[in-house]
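K.L.:
Read off the chains here:
Protein chains: 2
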Amino acid sequence: MHTPVQIDSPLDAASRAELESRYADLCSQGLKINMTRGVPSPEQLALAKRFLSLPGESDFVSRDGVDWRNYGGLQGMPEVRELFSEALLGLPADYVAVGENSSLALMYEALSHAFRRGVPGSDQPWSEEAVVKFICPVPGYDRHFSICDEFRIEMLPVPMLDSGPDMDIVEALVAGDPSIKGMWCVPKYSNPCGTTYTDVTVERLAAMAAAAPDFRLFWDNAYAVHHLSDEATPNQDITGRCAAAGHPNRAFVFASTSKIVLPGAGLAFFGSSPENLAWWLERRKHRTIGPDKVNQLRHLLFFGDADGLTQHMRAHSTLLAPKFACVDRAFAQAFGDTGSARWTRPAGGYFISLDITPGCAKRTVELAKQAGIALTPAGATHPGGRDPHDANIRISPSYVDLDTLAKASHGTALCAQLAAAEIR
Amino acid sequence: MHTPVQIDSPLDAASRAELESRYADLCSQGLKINMTRGVPSPEQLALAKRFLSLPGESDFVSRDGVDWRNYGGLQGMPEVRELFSEALLGLPADYVAVGENSSLALMYEALSHAFRRGVPGSDQPWSEEAVVKFICPVPGYDRHFSICDEFRIEMLPVPMLDSGPDMDIVEALVAGDPSIKGMWCVPKYSNPCGTTYTDVTVERLAAMAAAAPDFRLFWDNAYAVHHLSDEATPNQDITGRCAAAGHPNRAFVFASTSKIVLPGAGLAFFGSSPENLAWWLERRKHRTIGPDKVNQLRHLLFFGDADGLTQHMRAHSTLLAPKFACVDRAFAQAFGDTGSARWTRPAGGYFISLDITPGCAKRTVELAKQAGIALTPAGATHPGGRDPHDANIRISPSYVDLDTLAKASHGTALCAQLAAAEIR
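Chains A and B, in that order, give the protein sequences.
Start counting the first sequence at 0; every next residue gets the next number (numbering that gives the first Met the number 0).
Start counting the second sequence at 0; every next residue gets the next number (numbering that gives the first Met the number 0).
In short, the hints are calculated from the structure, not lab data.
The structure displayed is predicted, hence computed values, not measured ones.
A hint or two may mislead.
Identical chains share a label here; the pair holds if one copy fits it or two copies do between them.
[Unchecked claim] Simulated crosslink set (DSS-like; lysine-lysine; CA at most 27 Å straight-line): (1) LYS368 with LYS48; (2) LYS361 with LYS48; (3) LYS48 with LYS406; (4) LYS406 with LYS284; (5) LYS284 with LYS31; (6) LYS361 with LYS406; (7) LYS284 with LYS368; (8) LYS284 with LYS361.
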């Protein structure tokens with residue numbers, strides 16, 4: 000599915016002139032569309048309106064005895080962990096800690112602790128290893144790659160299949176190289192493919208032999224409840240699978256409410272095995288007295304219970320699903336069954352992954368930019384910003400309205416076709 | 000002032016029996032008082048009541064064009080930086096970045112970046128140095144020492160004088176040892192002495208020669224606006240002094256609103272020179288998309304302007320000042336001018352530093368605990384929890400009500416007198 004497009008466009012020379020003429024039309028429209036990132040739309044933000052006046056005059060008393068208005072509570076309120084831990088991390092509340100507003104920051108922090116002090120099972124801090132490598136499924140999330148750059152972690156790209164990362168390659172790499180300390184995973188509605196790792200993939204990730212005794216899956220469950228229909232894909236039980244396979248500490252699980260309430264004003268979570276959680280809190284206690292408990296209570300009062308969360312995510316889905324359908328329709332109409340492009344049809348998440356004629360992604364993004372359509376830079380879905388096939392483009396349908404999105408999708412398809420015609 | 004008490008108590012053997020009898024009375028009262036930490040009282044928390052319903056239905060638009068309800072804004076809203084930067088950090092808004100909810104976490108993060116990547120002026124990351132040392136004024140803040148423990152930083156205690164840290168010692172150390180990379184400073188109403196560094200001290204810190212080219216002052220301005228009267232001690236202009244002395248990048252300045260609005264639900268700030276700030280944001284961009292802007296707007300709407308902040312801190316002061324007076328009264332009554340104890344009379348902050356007969360602090364805290372008065376552990380004000388004179392106790396008057404505080408203060412003084420009598 001995410002292998003490069005093999006068949007070239009069947010367009011002939013005559014159609015290049017036609018494409019150029021249509022592109023000139025596109026440029027003359029004076030578009031100014033930003034589709035670079037996967038951000039919620041104003042209509043989605045409006046769903047959290049009530050959140051902005053909470054907690055108000057609440058007389059809530061947490062049963063852990065920690066005053067939510069004062070210092071303390073390193074692990075986070077039990078009531079809040081209970082509300083989110085199963086839904087977002089597939090874990091019991093005891094094995095989850097609340098963080099600040101960004102799950103990315105928690106992933107960064109976990110790496111930071113690993114480099115400075117090692118993780119359970121480490122022979123030494125990762126900073127003392129000659130080299131640290133991470134497996135990076137591609138196409139993947141550029142901010143994961145950026146963290147690796149900052150930590151000077153060598154990235155090993157592994158292709159995504161319909162089932163998740165190519166496990167034959169992952170298993171061979173991880174078994175053979177003790178400097179491979181970790182692997183980025185967006186296991187559900189992945190960024191950007193929208194792929195959900197199959198049971199077999201999850202099982203193989205949990206059970207595979209690892210040369211490094213302290214190998215970790217960085218399990219970024221960013222889209223846990225971000226379904227595009229009422230058909231909710233369940234969370235994979237990665238921690239349970241790892242424990243059953245004799246690797247209880249293998250997975251660090253992360254999630255946040257950024258794309259549930261408001262980006263930047265949500266809660267982030269870390270979850271794992273009891274031993275990893277104890278390590279997490281032991282490291283963390285030097286860093287902070289505790290995360291924002293007022294925001295925890297705000298979440299608790301806003302959602303009430305698991306059903307409140309489900310209803311809220313349905314409202315998001317109602318706004319998002321038509322946008323994914325709009326892009327799909329535009330691409331189907333533009334590319335048809337020519338084989339000149341392939342794109343994903345995710346059941347959740349925030350992105351569509353578009354593969355076009357190899358060698359054309361950068362040029363397509365450039366043409367789109369000239370026409371006023373800002374797309375995620377070509378290559379961003381690959382470590383170092385280098386897509387070896389120059390074929391993959393991440394489409395972010397969430398922010399713009401439907402009319403604009405239709406224009407942007409048709410425009411993007413036109414740019415891809417023109418780019419392909421140019422190199423023929 | 001903070002040198003150990005030299006003159007022993009003039010109490011004789013007869014009075015030991017009397018002290019023991021009074022201690023038995025104390026124990027029989029069944030007290031249960033927690034004075035371990037400097038936390039705001041319920042009355043102080045109530046000052047932030049309106050904060051809990053904000054921002055509400057605000058149509059605020061920040062002039063930086065970043066939607067406060069969506070992603071982005073790595074440095075923080077300009078309006079919020081303008082509101083707090085002068086008051087809390089003594090810096091212009093351009094040289095300040097907003098963080099999450101904990102200034103301690105920002106100090107930790109600055110160290111984390113320094114260890115991984117070095118700071119402007121570093122020859123190499125601090126993690127590659129054979130040893131990294133920090134100067135720690137004592138008595139000092141235990142959480143600073145805890146961060147040093149976590150980073151395996153060797154701590155060099157330097158005594159606090161009435162003017163701030165003993166600069167003769169500081170200058171000699173910093174000039175002579177390139178492995179001294181930093182120094183903790185709580186320059187205003189210091190924890191626990193309540194000392195404000197004098198102009199001369201600040202000038203000497205800014206101007207002194209440092210063997211390490213990347214030496215940094217970790218300037219924890221925790222009590223910037225936490226005056227105990229209407230007489231506001233101004234912020235020291237450490238960044239300006241450093242720049243004037245040819246060390247523009249010497250100071251990292253930190254502050255937060257934890258003890259202004261609600262602990263844990265406030266904003267933390269980092270401020271420094273343009274070069275340091277650029278370094279901070281460059282490092283930070285790998286870690287997070289941005290801090291919580293809804294909480295920034297919440298602050299902006301709550302305080303409105305600098306005058307609103309001043310008024311709010313006056314309300315805190317009205318609640319806190321009588322508590323400091325209460326402790327002072329109790330200690331004066333109990334210790335009189337026997338020379339058996341010395342304690343500070345701060346003009347701001349959250350603590351009183353009590354020095355008693357050397358060798359008696361641990362025993363005093365133990366006796367107090369048995370009587371139901373939980374004090375900060377003796378030694379906590381020193382690196383490694385080891386006070387070489389076993390003489391210093393941190394008193395935290397803020398949380399408990401006045402009646403309780405009077406009991407606790409008299410009780411603590413009694414325990415100190417009994418401990419001294421026991422070793423005579």
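K.L.:
All hints are to be evaluated individually against the structure, with a verdict given for each.
P.N.:
Evaluated hints:
1. LYS368 with LYS48: Cα proximity of LYS368 and LYS48: none, with 34 Å in one copy and 48 Å across.
2. LYS361 with LYS48: Neither, since 39 Å and 53 Å both go past 27 Å.
3. LYS48 with LYS406: neither (30 Å within a copy, 48 Å between copies)
4. LYS406 with LYS284: Classified as neither; 50 Å inside a copy, 32 Å across copies.
5. LYS284 with LYS31: Intra 47 Å, inter 26 Å, cutoff 27 Å: inter-copy only.
6. LYS361 with LYS406: within (20 Å within a copy, 74 Å between copies)
7. LYS284 with LYS368: For LYS284 and LYS368, the Cα distance is within 27 Å only across copies (24 Å; inside one copy 46 Å).
8. LYS284 with LYS361: between (45 Å within a copy, 24 Å between copies)
Hint compliance for this structure: hints 1, 2, 3, 4 are not met, and every other hint is.
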